[in-house]
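Chains A and B supply the protein sequences, listed in that same order. For what it's worth, our numbering labels the leading residue of the first sequence as 1, then goes sequentially. For what it's worth, our numbering labels the leading residue of the second sequence as 1, then goes sequentially.
Don't read these hints as lab results, they were simulated from the structure. Among the hints, erroneous ones may be present.
[What the hints assert, rightly or not] Some residues of chain B that are not near chain A, with every Cβ distance over 12 Å (derived):
id, residue
1, P38
2, S65
3, A174
4, E183
[What the hints assert, rightly or not] These stretches of chain A come out as covered by chain B in the derived footprint (C-beta under 8 Å, 3 or more residues):
id, segment
5, 70 to 84
6, 182 to 195
[Said to hold, decoys possible] Which residues of chain B face chain A? A partial, calculated answer using Cβ under 10 Å:
id, residue
7, L4
8, D24
9, R29
10, C30
11, L31
12, F48
13, S53
14, W68
15, G70
16, S76
17, V121
18, P123
19, N127
20, V193
21, W198
Using N, Cα and C, we set each Cβ at its ideal position, and we do this for glycine too.
There are 2 protein chains.
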Amino acid sequence: MPDLFEVVLGQRACRSFRDDDVSDELVLRCLEAATHAPSAENTQPWEFVVVRSAKQRAAIGGLMSSTWVGGARAVSAARLEPGLLADVEQGAQGGIAAAPVLVVVCGSSVRAFASTLPASVYPATQNLLLAAAALGLGSAMTTLAVHRRPELTALLSLPEHVEPMAVVPLGWPARPLGPPRREPASAKAHREVFGAGW
Amino acid sequence: MPDLFEVVLGQRACRSFRDDDVSDELVLRCLEAATHAPSAENTQPWEFVVVRSAKQRAAIGGLMSSTWVGGARAVSAARLEPGLLADVEQGAQGGIAAAPVLVVVCGSSVRAFASTLPASVYPATQNLLLAAAALGLGSAMTTLAVHRRPELTALLSLPEHVEPMAVVPLGWPARPLGPPRREPASAKAHREVFGAGW
Numbered sequence: 001m002p003d004l005f006e007v008v009l010g011q012r013a014c015r016s017f018r019d020d021d022v023s024d025e026l027v028l029r030c031l032e033a034a035t036h037a038p039s040a041e042n043t044q045p046w047e048f049v050v051v052r053s054a055k056q057r058a059a060i061g062g063l064m065s066s067t068w069v070g071g072a073r074a075v076s077a078a079r080l081e082p083g084l085l086a087d088v089e090q091g092a093q094g095g096i097a098a099a100p101v102l103v104v105v106c107g108s109s110v111r112a113f114a115s116t117l118p119a120s121v122y123p124a125t126q127n128l129l130l131a132a133a134a135l136g137l138g139s140a141m142t143t144l145a146v147h148r149r150p151e152l153t154a155l156l157s158l159p160e161h162v163e164p165m166a167v168v169p170l171g172w173p174a175r176p177l178g179p180p181r182r183e184p185a186s187a188k189a190h191r192e193v194f195g196a197g198w
Numbered sequence: 001m002p003d004l005f006e007v008v009l010g011q012r013a014c015r016s017f018r019d020d021d022v023s024d025e026l027v028l029r030c031l032e033a034a035t036h037a038p039s040a041e042n043t044q045p046w047e048f049v050v051v052r053s054a055k056q057r058a059a060i061g062g063l064m065s066s067t068w069v070g071g072a073r074a075v076s077a078a079r080l081e082p083g084l085l086a087d088v089e090q091g092a093q094g095g096i097a098a099a100p101v102l103v104v105v106c107g108s109s110v111r112a113f114a115s116t117l118p119a120s121v122y123p124a125t126q127n128l129l130l131a132a133a134a135l136g137l138g139s140a141m142t143t144l145a146v147h148r149r150p151e152l153t154a155l156l157s158l159p160e161h162v163e164p165m166a167v168v169p170l171g172w173p174a175r176p177l178g179p180p181r182r183e184p185a186s187a188k189a190h191r192e193v194f195g196a197g198w
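In isolation and in its complexed conformation, chain A is listed as follows:
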């Protein structure tokens, strides 16, 4: 099993998957990692809807695709370099939904305040992505579909207090993922006050 830094420094979004299935055992190992994230007051306000059915995945993929075509693409096209744009587009237009498993990560405001959900649910989602990477699975943090909360709520029978916050595909990468491209940490670090540099 790879060490923490190897996984963290190598994590990269995967948007193309092989057809091979992912076992319940592996899905549950990823969810176990997710549920060990910190949360406000240890309320553990996350819920995970694990979607395998081709019909449900296609419906979620349809929400991604229509959100992409209906506006997100125009915004991204002006900002992204062509290679990344093509990869994101491929994911939004069926690549993500073709993964054998989609995990819809939700926050529940029954035990936590809605305003505190992001600081708990996104760390849990990150644990899920890291666990997937450690197991050799491809995954990605996607939020296109959650902009369509009413439709997603209907598809997944979500109660009113449960907010979908990310859709994470799990599958075996169609091809090896290259290394991530990041600015150096020292360029993002400031001593004592903002702008002081490192």
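Once you've looked at the hints, dock chain B against the given chain A.
Using the frame of chain A, we list chain B on its own:
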């Protein structure tokens, strides 16, 4: 170096620290992990203000303490069991601010939409916490001080577009941390639709 699952499944909030310092080298390793989180369009919209000065830490600690006494405590007291309440209170009332390093994790809306910041900045914060745990450091996700954005903005000279989103102490734990307490992942997992169980 411990493997990914060992770190993820053992992570726990630390709110009491020894006086010993944490080197720049270790801080930068934690920030390098943080900057490898996924972000919308790979915009990497995070900034980290690394606070070491006793005066700045005390000022941030003052914001935590006054937010706690001024309302957060009353909310938590009704919800938490006494052991956890005492630990959180000790952290809010000086324990967190006594760590030799406070990392104020911020989101910048220059390159990313403000609405997309939580899904990028909190995964980065989680990477920071996991890296700290892998290195033997204690840390915690805290958000009490960020409710006082105007005061924090003034203290850290944050530009208007930079939003403080978490304050993470880094230090050596005063005592060993016990194992985290979590509900089983299967209790949080649903097949195909919410409420179907696992």
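To see whether the hints hold, each was checked on the structure:
1. P38: violated (5 Å)
2. S65: holds (18 Å)
3. A174: holds (19 Å)
4. E183: Violated, since 6 Å does not exceed 12 Å.
5. 70 to 84: holds (count 4)
6. 182 to 195: holds (count 13)
7. L4: holds (4 Å)
8. D24: At about 9 Å, which falls below the 10 Å cut-off, the nearest Cβ of chain A leaves the hint on D24/B intact, so it holds.
9. R29: OK, holds: R29/B within 10 Å of chain A, min 8 Å.
10. C30: holds (9 Å)
11. L31: For L31/B, the interface hint holds, since the closest Cβ of chain A sits about 4 Å away, which is under 10 Å.
12. F48: holds (5 Å)
13. S53: holds (6 Å)
14. W68: violated (13 Å)
15. G70: Cβ of G70/B sits 16 Å from chain A, so the hint is violated.
16. S76: holds (6 Å)
17. V121: holds (8 Å)
18. P123: Where the cut-off is 10 Å and the nearest Cβ of chain A is about 4 Å from P123/B, the hint holds.
19. N127: holds (5 Å)
20. V193: holds (4 Å)
21. W198: holds (8 Å)
Hints 1, 4, 14 and 15 from the earlier list are contradicted by this structure; the remaining hints agree with it.
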